[in-house]
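Take a look at the letters that make up each chain.
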Amino acid sequence: MLLSLMIFIPLLGMVAVLLLPRESEELIKRVALLFTLIPLALAVYLFISYDRSNGGTQYAVNAPWIPAFNIQYHIGIDGLSVTLLLLTALLGPICVIASWRNIEKGIKAYMALFLLLETGMIGFFAALDLFLFYVFFELTLLPMYFLIGVWGGPRREYAAIKFFLYTLFGSVLMLVAMIAVYLNSGDPGARTFDIPTLITLAATAGHALNDLNFQIWVFLGFFIGFAVKVPIFPFHTWLPDAHVEAPTAISVILAGILLKMGTYGLVRINMAMFPQGLDHFTNGVGFWGNSLALLGFINIVYGSFCALAQTDFKKLVAYSSIGHMGFVILGLAARNDSGITGAILQMFNHGVISAMLFLLVGVLYDRAHHREINGFGGLGTRMPIYTGITTLAFMASLGLPGLSGFVGEALSLLGAYDKFKLLTILSTIGIVVGAAYFLWTLQRVFLGTLNPKYEALPEINGREILTLVPLGILTIVLGVWPNFAIDMFRESVTNLIDVIQAI
Amino acid sequence: MVVPLISLILLCPLAAFAVFGLSGLVNRRFPRQDYLSTVAMLAALVCSFLLLREVVPSPESHTVKWISLGGVTFSMGFYLDSVTVIMLIVVTLVSSLVHIFSMGYMHGDPRYPRFFAYLSLFSFSMLFLVVSDNLLGIYIGWELVGLCSYLLIGFWFEKDSAANACKKAFLTTRVGDVGMFIGMMMLFTKFQTLSLYGEGGIFALAANLNTGDMVWLSIAGILIFCGAIGKSAQMPLHTWLPDAMEGPTPVSALIHAATMVAAGVYLTARMFPILTETSSLVIAYVGGITALVAATIAIVRFDIKRVLAYSTISQLGYMMLAIGAGSYVAGLFHLTTHAFFKALLFLGSGSVIHAFHAMHAHGHDDEHDHAHEHSDHDAHGHEHGEDPDSRHILGSEIPADQDMRNMGGLRHKMPITFITMLIATLSISGVPFIFSGFWSKDAILGGVLGRAMEWNSVHHYILFIMALSAAGITAFYMFRLVFMTFFGEPRNQEMYDMAHESPKSMTVPLLILAVLSLPVVNILWFNESYVKPPPQPHLHAPQHAYVSPDSNTDKKGYTVSLFGVSEAVAAEEEGGHDTHGAHGDDGHHGHGPAHTIAMVLSICVAGLGIFLSWLFYHRRTLSAESVATTFRPIHNLFWRKYYFDEFYDGVLVALTVWKARLFAQFDGSVVDGIVNGVGVVTRDILAAFTGAFDNRVVDGLVNRVAQVTWAVGGKIRRIQTGAIQTYLFVVLAGIVLLILIFRAL
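Chains A and B are the protein sequences, given in the same order.
Numbered per the numbering used here, the first sequence spans residues 1460 to 1962.
Numbered per the numbering used here, the second sequence spans residues 2 to 746.
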C-alpha cells in the first residue's frame, strides 16, 4: 500500500496541478513541490524500515490487473530498488526547486508532465510484473519527450524526436523479447509476466526458458532496449543532444534516473532472469564471453575522450556520464560481489553526482546564457561558493577517494580485474582522462584572470544552494561511509549472485 | 591510549578544515582560521610525541569494517610502529612550523583563512596516509594529498602559471596513481584483501608465495611503486614538482619536505616486505637515475626555488635508491633529516623572497604588503603575456624576487636567515659530523656499497657511483646557491637596499628547524633499535654472493648509532648484541669496510663540490659562463631539463588531445551519421509500408501500443505549450479507461 501510494501520489499531484488556474504560478509550483516531497518522505521511510538482513522482496502488493493475459499489478522492492527509489524521490523535489525560476512559459503543463514522469520512474523501479514494468518504462518516455521538445533549447525538436525514436527502437526489441518470454513461460492459460515466477522458471531445468539459445536471444532483446537507455556505445548519440537541449531539471532527471533505468533493467531482468545468457556474454571466453566487459571498456574510454574534446560545458558532462556508466557495465560484467556492488553504488552515486553537475551547469547558464567553456575564465574570484561546490562535484565525479564516486568505481574495477584483466587495466585510462577533462574545465572556467565580461556575475543564490547541499552531503557521506548504502542491498546482491551461479 | 591519540591526531586538522568548509557555505567565515588550524596542528604534534612512548613494546593495530560485501570485507584501520610514529612526528612538526611561518608570510593575502584551511586538510590527508594499515586507506590519503597539493599549488589561481602547475601536478601524479591502483587490483585479486599486516594481511600471504609467483610479485611491486614515482617526483614523472613552485613558498616547504613527496618514499618503505630482487633493483635504479639527473639540472637553475625543487627530486631519488638497495633504515633516516633541512631551505628561501617583496610594497599600506609573490607574478604575466610553459622551459623569465642573479651579499641584511640556511646547506651537502644530512647520506652510501661488496653485484657498484656523484653535485649546487644569495657584492643594489630580515613568526621556525638539522636531535629517537627493517622473504642474494643467501644486509648495522644510542631502549631490545653505543665516539662504522670507504669517499666528493663551488661562485677564479660555453650541448641538456617537458607537452599531451578530438569527430559524424541515416531511411520506409508493417508485427498487443504511440506522438507534436494540459487529461483519462477495460476483461 505504501508503495502504491508512492507511485500514484505524483499522478494525483498532476491532477491537482491541472485543476489549478494557469495564472497562479506560485501555487502550482508549491503544489508540485508538495507532491514530490510526499514520495520523498515515503522513500525515506521505506529506506529506514526496509529489513536489511533480508534481501528479498518487501512491501509487495500483488493484485490481478488484466486477468485475460494473467497480468498482475505486482509491485515490491528489494535492496536495489529501494536504493534507486530513494534517489528518484530525492531528485524529484530538487528538480522542482531547480525549475522554480527558469521555466518561463507554461509552468502548469511543465509541472504536470514532471509529476507524470515521476510516477513513471517510481513505478518502474517498483514493478515486479514484466508488463507493468514495460508500461512504466514507456510512461517515462512521453513526458520526457514533451519536456525536452517544448521547454528545451534551440534544437529541442530534433533532440526530442531523436530521444523518442531511439528509445522506442530499443523498447520495441524489448517488447518482442518480453512477449517471447511470455509465450514460452507455459501452456496457454498458465503464461505469466510475473518477474519472480519467471526467474524461478528460468532456473528450472528442462523448462523452455531454461535454454541457452533462447536465453541468449531474449537477453539480447532486453539488452538493446536497456542499452539505449544506459546508454551503451553505439546507442549513445541521443544523450549529448538530449542533454544539451533539455532544461536543467530535465537533464538532472535524465542523467540521474533515466540512465539508471537502463542499468536497473540489466540487473533486474537480464542478469537475474537469464543467467545462462549472461554467462554467455560474460564468461571471459572468446569474443562473446568478453563482449559485455568490452562494451563497458569502450564506454569508459570513448566517453572520456569525447568529453575531453568538448567545449560545451553541458555536452562535456553528458559525455562524462557515458564514461561513468561504463564502470557500471564493467562491474556488472564481473558479476561478483565487488563488481555488482560497485556497479550499484556507481549507479546511485552517478545519479547524485551527475545531478549536481547538471544543476551547476544550469546555475552558470542562467547567469551567462551560454555554456562555452572557453568563454569563461577566472570565475573563482567572482563566485567562490559556486566554485567550491563545483570543485566538490568535479572531484567526486573524477573519483577522488573520500567522496562517493571513488567507491563505486574502485569496487567495479576491483571486481572486474578478477575476470577481465586486460580490459580492466585499459579501462583505468578513463581515470586519468576523467581527471584531465574535469581539471581542464576547472581551469578554463574558474582559474586564471577574471574575464572582464563577468565582473558582475552574481554569486550562486540560496535556492540554488538548497538544491545542491543535500546532494553534496550525500557524496561526502557515501564516500566516507559507503556501508550506509551497501547495507541496503548487500543481501539482494548475494541473492542475485546465487541465482547467477546456480546455472 | 593509542586509539584516542591517533583519533585526535587525525580529527584535529580535519575539524579545522570542516569549520572552514561549513562556515563558507553559510557565507560567514570563522574569524580566526589561522589560529584554529595552527592550534589543531600543534595539538596533533603533542599527541604524536605522546605516541612515541606508546609504541616501544610492539606494533599495534586497530581496524574497523569499512565496506562489507557478501564475501569480501574492506577494513580501515591504523598500524602503529616506530616508523609510523617517526612519520607522524616529522609531519606534524614540519606542518606546525609551516603553519606558524605562514602566519607571517601569508598575512594580508585576500584568501588568508582559506590557506590555513587547506593546510589543515593537507596535513590530515598525509596523517591519514601515514597511519593507515591497508593499501586502500593509503590510497585514499594518497589521493587526498594530491587534491590538497592541487588546491595549494593553485592557491593563486589568477596566475595562469599557477593554474597550469596545479593541473599538471594532479594529472602527472594521477598517472602514477593508476599504476598503483592496478598493482592494488593485482594484489586484491590474488589475496582477496588489501590489509597489509596481520595473519591475513598481504605481507603474511605474500611470504608464502613460491618462486613461480616471483615475476607476478615483482610486477605488482613495481606497479605499486609507480604511485611513488608520481608522488615522489621520480623520473620520468618528476616534471610537476618544479612547476609546483608556483604555490606560496610555505606550501613548497610542506609539499617538498614533510608531506606529499615523502608519501612516496614512505609507501615504498612500507612495501619493503614484498619487494623482490627485480623490483628492488628497478626501484634502486629509478632512484639512482633521478638523484643524478635532477642534480645536474639543479646546477644551471637561477630561480632559487627551482634549485631547491630539483634538489628535492634528487634527494628523494637518494631515498628510493636506499630502499631499493635494501637500506631500509637509512632511507627512512634520510627522509627524516631531509624533511627538516629541506623545510628549512624552503622557508629560508621564502624569507629571502619576503625580504625582496617588501621592496615592491615599500610605501604601500599594509594590505599590499603580503600578496607579494602573488601580485608580482601577476604583473609579470601581464607584461609578457606569453605561454607560461615556454617560460619555464626557457627559464628566461624568473620572477625578480626569486632570481639569484638579483641577490648577493644578503648575509649582512638577513643574518638569521643566512645562518639557518647555511646550516641546512651544510647538512644537505653532507659536511661531516655535526650535520644530520651527513649521517643519513652516509648511511645510504654505506648501505649501497655494503650490498655491492656483500653480493659482489655490479648493479650495486653502479648505483653506488651514481649516488656518490650525485652527492658531489649536490654539494656544488647548494653552495652555489648560498654563494650567489648571501655572499659577494649585491648584484642589484636597489633590491639589496630594500631587503630586510623577516619578522619573528618567520625566523623562529627557521631557528627551530636549524636545531633539528643537527644530528643529536635526530639520534635521540631515530636509532637502529627503534627502527627495524622488516624481513624481505623474497629477496635473496644472487648465487655468486660471498655471503649466505639469507643474510639480509642492514639487519642491525650501518645506520645511525652514532654518539651513543639511547642505552635504555637499545638494551631493552636486544640484550646481547653490542653494535650500538660501543662504537660511540666516531660513529657508526664497524660493519665491514664498506662504511669507512663510503664515508671517506663521501667526505671527499662533498669537499670537492664545495671547493669547486667556491672557486666558481665566490673566488670567481673559474668562470661558469666559459665552462657553459665550452660544453654547450651538455649545458643545453641541463638547461632544458633533458627535454622532458617538451616531450610531454609536445607529444603526449598533444597526442591525447588529438585523440580526443578524433573520437569526438567520429562520434559526431560517423556514429551519429549512421543513426541519422537510419532514421531517414526508416522514416521513408515506414511511410511507404505503414499498412504492411502493422500486419507483420508479432501480435495485436504490439499493434495497439505502436499505433497509439505513433498516433498520439504525431498529433501532439503540433500542439504547443498551451494545449498540453488537454493532452494530459486525455492521457490520464486513457489510463483510467484502460485500467477499467482491462479489469472488466
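Rather than coming from a laboratory, the hints here were simulated on the basis of the structure.
The beta carbon of each residue, even a glycine, is placed where N, CA and C say it ideally should be.
Possibly wrong hints are sitting among the right ones.
The list that follows gives simulated cross-link-like pairs (lysine-lysine, DSSO-like), each with its CA atoms no further than 27 Å apart [as the list claims (entries may be wrong)]: (1) B:Lys-660 / B:Lys-533; (2) A:Lys-1880 / B:Lys-505; (3) A:Lys-1880 / B:Lys-191; (4) B:Lys-505 / B:Lys-414.
Covered by chain A, per the in silico footprint, the following chain B stretches (three or more residues, Cβ under 8 Å) [unchecked claim]: (5) 168-176; (6) 439-449; (7) 460-468.
| request: Compare the distance between the alpha carbons of B:Lys-505 and B:Lys-414 with 27 Å, and conclude whether the hinted pair is satisfied. | output: holds, 15 Å
| Is it true that the CA of A:Lys-1880 sits at most 27 Å from the CA of B:Lys-505? | violated, 57 Å
| message | Taking beta carbons only, do three or more residues of the region 168-176 of chain B come closer than 8 Å to chain A? | response | holds (count 5)
| Are there three or more residues in the region 460-468 of chain B whose C-beta lies closer than 8 Å to some C-beta of chain A? | violated (count 0)
| message | Holds or violated: A:Lys-1880 and B:Lys-191, Cα atoms, limit 27 Å. | response | holds, 12 Å
| query | Taking 8 Å as the C-beta cutoff, is the stated coverage of the region 439-449 of chain B by chain A satisfied by three or more residues? | reply | It is violated, with 0 qualifying residues against the three required.
| field | Restraint status (C-alpha distance of B:Lys-660 to B:Lys-533 at most 27 Å) | value | violated, 49 Å
Checked against the numbered hints above, the structure breaks hints 1, 2, 6 and 7 and satisfies the rest.
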